[in-house]
Amino acid sequence: MKITVLYVGGSLPAPLKQAERDINRKHKIGLELALHNCGVSLFDKAWDDAARDVATSEIVFIIHVTDHENASRIAEALARGNHRAVIAINCMPELMRRTRMGKLDLAALMRSRGEKDESSPAGVVRRLGTWMAETMRSRRGSTPTAEAKSGAKHGGFAKYSGLIKRLPTILRFVPRAGKLGDVKNYLLLYSYFLQPTPVNIRSMILYAIKHYAPGQSRLRIPAPEVMPSEGIYHPDADELFESLSSYVKWSRTRGRKLSRDNTAGLLLMRPQIISKSRRHYDRLIRAIEEEGIDVIPAISTFMDNREACRSFFFHGETAAVSQIVSLTGFSFVGGPASNDSEAAVEFLKEMNAPLRSMVSLDVQTIESWEASRLGLNPVQAAMQVSIPEIDGATEPFVYGGMTGSASEPIPIEDRCRKIARRLARWNRLQTAPRESVRVALVVFCFPPGKGNIGTAADLDVFPSLMEILNQLRNEGYEVNVPRSADHLRDLVLDGLEDGSNSVAHVAYRMSVDQYRALCPYVDDVEAEWGGAPGKINSNGRDVLIQGIELGNVFVGVQPTFGYEGDPMRLLNAESGAPHHGFMGFYTYIEKVWKADAVIHVGTHGALEFMPGKQVGLSSKCWPDRLIGELPNLYIYSVNNPSEGTIARRRSYAELISYLTPPVENAGLYKGLASLKETLDAYRRSASESEREQLFEAIEEQAALLNM
Amino acid sequence: MPESSLKSSRDRRVLDLYDRVLEIEQRLIPTGLHVFGRAPGFREIRSLLRMVASFERTTAVSAGAGRETVKALTDLVAEGLGLFDYATLLKDSEVNEQRLQERERVESLVSEAVDLFVADRAFHRAAAHLQERANVTIEESQRVFEVLARVRTELEKSDELQSLCRALRGRYIEPGPGADIIQNPDVLPTGRNTHAVNPYTVPSTTAVKKAAPIVAALLERHRSETGRYPESMAMVLWGIDNIKTQGEAVAQALNLMGVRPRRDSLNRATDVDVIPIEDLGRPRIDVIMTVSGIFRDLFGATMALLDKAVRVVSALDEPDDLNFVAKHVRARMKDDGASLEDAAARVFSNAAGNYGANVNFMVLDSQWRESDELGDLFVTRKCFAYGRGGDSREARALLDRALSRVELTYQNIDSTEVGITDVDHYFEYLGGVSKAVEKRSGARPRVYLSDSTSPGAKVRTLEETIKLETRTKTLNPKWYEGMLSHGFSGVAEIEHHVTNTFGWSATADAVDKWIYDEVAQTFVLDEQMLARLCEMNPHAARAMVGRLLEASGRGLWSADESVLSKLRESFLGLEDRLEGVTA
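Protein sequence lines, in the order shown, are assigned to chains A and B. The opening residue of the first sequence carries number 1 in this note's numbering; numbering runs sequentially from there. The opening residue of the second sequence carries number 1 in this note's numbering; numbering runs sequentially from there.
Keep in mind that the hints are not guaranteed to be accurate.
[Stated by the list, open to error] Keeping only pairs whose Cα atoms sit at most 27 Å apart, straight-line, the calculated DSSO-like set for lysine-lysine is: (1) B/478 with A/670; (2) A/676 with B/458; (3) A/676 with B/478; (4) A/45 with A/2; (5) A/676 with B/566; (6) B/308 with A/45; (7) A/620 with A/535; (8) A/676 with B/308; (9) B/157 with A/676; (10) A/349 with B/157; (11) B/513 with A/670; (12) B/566 with A/670.
What the hints contain is simulated information worked out from the structure, not anything from laboratory work.
Sequences and hints are given; from them, build the entire structure.
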């Protein structure tokens, strides 16, 4: 008996594998369960293996497959096969149409649009087959029109979720025998799938075997277990909490106060919780608690997380959390099917809690992510990063995922710890008295050279710094504001240069010993640039940190890439590490000067373009190492969303956009202005001889202007 | 030549010159730098609103309302006066005196109305003016003025500093789109966390619609100059314009190959439909896409779509002279026994995790001897072929080979704010690839840029674009005085423009002698000016003079000896002065 399950995500493999073991032990039917994660397009061997399993199976399940390439090829493979049953659940329409169970032909049913009563059992099955495409059709990109929004709200999904709630009731009235038997079977299989506990997943498989494989009709299968659809989860608790107050009570027994300014609200996926595929959640939750932050891990309400937030992140009207950490990988409102970012923004603004969105590797393995220079594959990057960003989500960290060997997602230890520490840093920014908060402002110097210190696209940097310093002082930060922008620039530009090759004031000399003691990556830098401190930003003994201290504000000059005067480095197809001066600069800011936050000033610097994965960085990626645990704000030109997005993803920056400079019509000047006058005179003139003369003048003027 | 045709050729010349003068006069330029947290002034707001009013757009008319299409004031006025639409007037005024007069009439009415609106802080008089003078109904113009009112209010209250402080308190920062204000006023208010787009939505239906006329203009321009279609071209793809326009350049690449995106049942652009050759009305062009590292990262799904398009087109059973993609792929497979993978590799970018062609660094730091080194560096950095699933491999020989067939290089420019001498990345990419083609094909390719900012598709050669940039910015007192009002940074800005112009000499030999002559005249030979520059930022002043001397030294500018000796003298003076400063 062979069954193939083509699925997507991290919650199904573990219960499926357990089901295979349990069924073989108890029922001895020689079940072979072949599993293929179809989250990304399968090519070559991966596809050949899947196709062979599909061809040799009696029953095929297809669950959550939405990859276009996979969908069309699986649909073809199914058309060729001769299966006892094909059961598609929440897939692309072309796959839903392949559902064949006895007399049930979903393709025919889906064609019969409008003919069947919505509430009849067959109408329900049809709705289950079409809701996803209808929901997606109502979406038009990232900024939905009013019409599309109402479509998303009132269209496919709303009807779907209403249906899901009514499903048990509906099932009670569908007769088991006769024409509707197969319809009833589909709805029952669907009910098991909706509550993917290990027992239910086993029942789902057994149910399909009982009804569609020969000689198994005597199997006895329990009715679906029903699990709460909402609640708070905690790895140390035996059961889900149905209300915030019961969770608070329990937390107090553990010595967790859950005060608003020290509590992070986590959004978790329900299938992972109830299928017990949650080791990655457990570790992240504990890592956050280890940093002294309390958590409320709520089950995500999937299509609209405002509901979960209202139920579990509020005491009445008062917010109960200081940050929201979404582990769903989907948009805040709209789930995987659409994104209503306007609604999300409105809600988050009102709540005034930042949204962090983290990534679980569900359609690629941790091994492939580690080995990949790209990091997240394009499917995950689009779904789990691009779309949450539109809601204003920040800190796109990978925290866990599937592996080649284990059947459930596991945590990535160093990422979980880093996430937790950064959350703690952000928390400190929220709560610390302003006079104790230390801020590093970083300006750039590109192209390298003293004449370019503090240059940025479209921005006059030193006057901008003055505006910021004054504002910070007004807000209670301890800052010594220089007399004027010119004065500030003189302070940064001039002063001690140490006979070195630094272009600005040297704020600190970091000895090689200190650099080594504080920075764990020195060996990797040396492999590329030779022994510390190297030649750039160095006096031969120390790493030189360029900048000035103004009380609790440091104005630093970011070192350059280090290409100048070193032509060979430019010629590499792939770049290596940043130089010691660069690494030392950020080591200084975080660990010597002990900044609470860094603000990069102007478009744009070099940190976020250092080598490493494109997004979903690991601890080996240079931008991740350089920014460390520092909250990173980045003052960025509003007309540069592309390079700005690189900063968001690779250096965990939160952008604060700035206006582009005033634009005006270029107007005319000097010879161009007189040329236009002569041209106008020619156009107005009615006299042929005058026009002739004017034309000569025009040609003379044009020649002078090289026109 | 008979008298009448002489007269008409004179008239044509006058109209052509007039058009070029108007192009300069009306081009938008930045007239300074932004200071974080400061709102723009009255005059700047007025110019901006005039431009905002000149584009049709889909936007939320008021906060919280749904999005709707708001027509351009220029089109409303043209329609009200019973004239052709504004884009047609713009195009025809190059050759037709009457259209030119009509265009001027439309523009001055729009200007008057916007001035009234700005002065009154209310739309009534402005709308009445347009109703009376141009038969535009109050109802219609009011919708435009509502957009203008919103833009104005948001410009006047700058939230940038408050937003920064909120972020520093760890609070939620609203997301917002990124673009030019004129292109998309929804970027206001600033002080928000700018985001990109969902790659599966790209290219949008609008982008696909807008791509067709630009591609037609590009190919027409090439055909009018060479008599035929290009078989192979190289196209630079960046993230920035494709985010702002929801993928216009992507749509152009697809259109060049004669396909359009197909949306799957979940509304994602994941596949292509072939445009039948009879509908296309021209051959399918072989497009080599050299892609920035940023585009690769932000548009992973789109990379796969472009690769798929090449595969689909190369597999079509069409004759060689109608399908240059298939022609070249078939030839490579047959003649050299290349695999399909190799023969159809067209999407090239950096090694994963790396960014940039580095050509700019090499030019800025004067690290090259022969200009071919610049093209070679481009190939070294960009020779990673990307295929399905985001996989890449180093494929230098494939890129060399592909570029050896290229006749035309091209990049889409979408921005009124960022021109090709404003930043070093344009010569890094378009210059870099052109130089690489020159060595590999044995001839410098034709280099074109499109300008999708103005109403009506416009394609210019690189040389035309450099002249326009130089005339409207570098040599324009309005521009450089605006910059100089910012002192230190302003001088740096001028120096960057000179250096970026030089970058186009180094990579494409596309800068006329007079441009360097005028730059030297304006900033160095004018002693008063030089003194001002030195006072504000001697480092940048020295760098600029040094760059001019480098242009001459490398034979990219045949400067007059008298000019050169003055430059040398100034350079030495600056060196002395700076040594004195630092001693």
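**Study point:** Hints violated by the structure (numbers, ascending)
**Key:** Of the numbered hints, 5, 8 and 9 do not hold.
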